[in-house]
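Modelling step: build the complete structure from the supplied sequences, incorporating the hints.
Quick mapping for you: the protein sequence lines, in order, are chains A and B.
Last residue of the first sequence: 456 (numbering that gives the first Met the number 0), numbering continuous.
Last residue of the second sequence: 199 (numbering that gives the first Met the number 0), numbering continuous.
Any given hint might turn out to be false.
[Unchecked claim] Taking CB as the label site, the calculated pair distances span:
#1 N315(A) / F89(B): 44 to 54 Å
#2 R39(B) / I448(A): 52 to 62 Å
#3 R127(B) / G434(A): 31 to 41 Å
#4 G434(A) / I25(B): 16 to 26 Å
#5 E104(B) / E276(A): 33 to 43 Å
#6 M33(B) / R453(A): 43 to 53 Å
#7 G15(B) / G434(A): 30 to 40 Å
Hints listed in this document are in silico derivations from the structure and should not be mistaken for laboratory results.
Remember, predicted model here, so these are calculated numbers, not experimental data.
The C-beta atom is built at its ideal place from N, Cα and C for all residues, glycine as well.
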Amino acid sequence: MRRLVLILILILILNTLPVHGDIDIPIEAGGGSSSGGGHRQIDFDRIFQALQEGKAQKPQKFEEMKKLLYIEPFTTKEYDKTLALSVDFKGNKTLNRNQKFEVNAYLENPNPIEIRRALYLELDSLEPGEKTFRQVNTVPQIIQVNEYTETKDGRNYTYRAFPELTSFSNLKTVGPVILRLNATDGQYTWTSGNLTLNVINNPPMLSNLSIEATKPTRYNDPIDYVANVTDKDGDAVNVTLHVLDEQEKERGKESQIVLPGNGVSFLANQYGFFSKEDSGKNFTYYYTFGDGINVSNTTIQDGPRLRKSISIWVDNPWVTPEEENQYWWQSYNFSINMKNQDPEETKVLVTLFTDTKAHPWKTAASQEVMLSQETKSVYFNVKPFDVLDANQSFRFKFTYSEYDQHQKDFTEVDQDKPINAKLVKYETVSIPGVGNVLVILLVALVLSIFVERRFYR
Amino acid sequence: MNLLGYEISEIYLLIGLVAVLLLSGIFHLRYLRMIESMVRKTADSDFDFEDLMKSLHISQGSNFNIIMIFSWSLFFVALAFLYFLTPDIFPDWNYFKFPQVASWEGGFAVMGIAVLIPGLFVSLFVPRAYSYYLVHRILKEKVILIPAFLLASILCSVNLGTIYPATDPFLWNLGYVMVFAALALMIAPIFVGFLEEWRK
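So, in structure tokens, the structure goes:
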């Protein structure tokens, strides 16, 4: 803009003054012919070319010419430089980092639109621990002359929101935050009063600390360290679990970032906290947790107490139906061979489950057996099926309270032959068979006599 | 069912039974209209159809009535057992759709009584039709065979139920023949009465 003004002025000068100096500015006679008389026209391209050459060849003189031709920004005498500028903030001025808010600039310009100037607006903030204000909006907002609302009493005002600042989630420390506005029209500058917001932080909380595991707990059982995480401000919480051994030395630690309201869960197996050598040992644990500002730790908690682990040996899971037809109402003899691989005797809980479409993994029976190094057959003579299982194939499994030679605590078997499809478990010539028919006959006869006596006489 | 070397669907046989039942109903109504027409020709004065029915009423005796009510009740039980006990004929509508009842020791009795109750309503009205016919003594002596036939049919069906999923076509055919024979005897007084009246 300034360059264009400069060029126009230059053209005017060239039109009125004789040209002298090192730069030769050609002037053509007007009218397209030499016979036109006193009217002259300027070849703009050639002027521009001459200026470019002058800038390149004689920069010092070019700068001098610029200074010579510079015109200071000016306003008219009527221009009123009293601008009302303030930070507009609604809501509680004490807030946490995640609370959303809206900051607006309020401007009241007394000048009428004819003499008004465009304004450039900045929002500055002074954050806790900082010594200087920083500009919140990197690109200043421009308020054009026509962007005001006029009231009946002649005031012209406008509001400007700053979408760059809607929360203090990025603050690393809490405390007072000062906001202010700067505005300029190119000639004058204005600064608003300070608005102080108090940013606070509520520390996170960890509650209901516990260990979820079967008891007594084996080293390779699913051991789940769980706790509830809360934070009034809704900050994400970094939770670290520290597992301590019997000497309270740190055995391992793992961290998770959790949103408040959710539980935190550390599965020991997933992180490999324990190994077989830890069998029979007692462990403790504690948590450290923080939201980026406050960091705390819990007291040391007991657990898990790992029981001594033994290894059993299992083999030959088997089922023998009462007869080969495999009717649903019959007894089935399930068996498995077991022994303890360690020298001492141990008590093991063995449970039998059967699985059919109608009854998925139903507990059929359970018993405690003493195992020594001698192989022992464990039997379950049960009637695990009902009529809904007829014509269905089935599976069964033994589960045991110790791990076997394959580091598994169950053995599962698919039985190829399905349960017999026969539903009725008695024959026609049997007490139930004949009895049913007799009952029908008797009821029909009694009803017939009743009907004949009641309705046929 | 194999009848005289032809495969006949059980459904057609059921339709046949229902057709016989309907036909006997039509014959019964036709019989009554023939009598009404005959009386109207000979009567001196006008009369009411209700009065005619009352005057036609013949008491068949308690024993005959009880046997016929009993037979009609059992007829529906035998029919239900024959068609709805095993999934062979109606795979989606049968007693074995309720396996807990089917496997219970009293399951057949439950089904039989469940059929007897609606059958009782039929027994309230249908055997009453016999009171408008002169039932021959010989026929009256033969009606005692009806419950025997129906009992035989029910036993055949029960046996089919107990051996299911195995089947025995002979037993089913026998059961059907027994039901048909029982039905023939049950409607015989109506047919005989109609034919006698028709010949006049």
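Here's how the hints hold up against the structure:
{"no.": "1", "hint": "N315(A) / F89(B): 44 to 54 Å", "result": "holds (46 Å)"}
{"no.": "2", "hint": "R39(B) / I448(A): 52 to 62 Å", "result": "violated (39 Å)"}
{"no.": "3", "hint": "R127(B) / G434(A): 31 to 41 Å", "result": "holds (33 Å)"}
{"no.": "4", "hint": "G434(A) / I25(B): 16 to 26 Å", "result": "violated (40 Å)"}
{"no.": "5", "hint": "E104(B) / E276(A): 33 to 43 Å", "result": "violated (60 Å)"}
{"no.": "6", "hint": "M33(B) / R453(A): 43 to 53 Å", "result": "violated (32 Å)"}
{"no.": "7", "hint": "G15(B) / G434(A): 30 to 40 Å", "result": "holds (33 Å)"}
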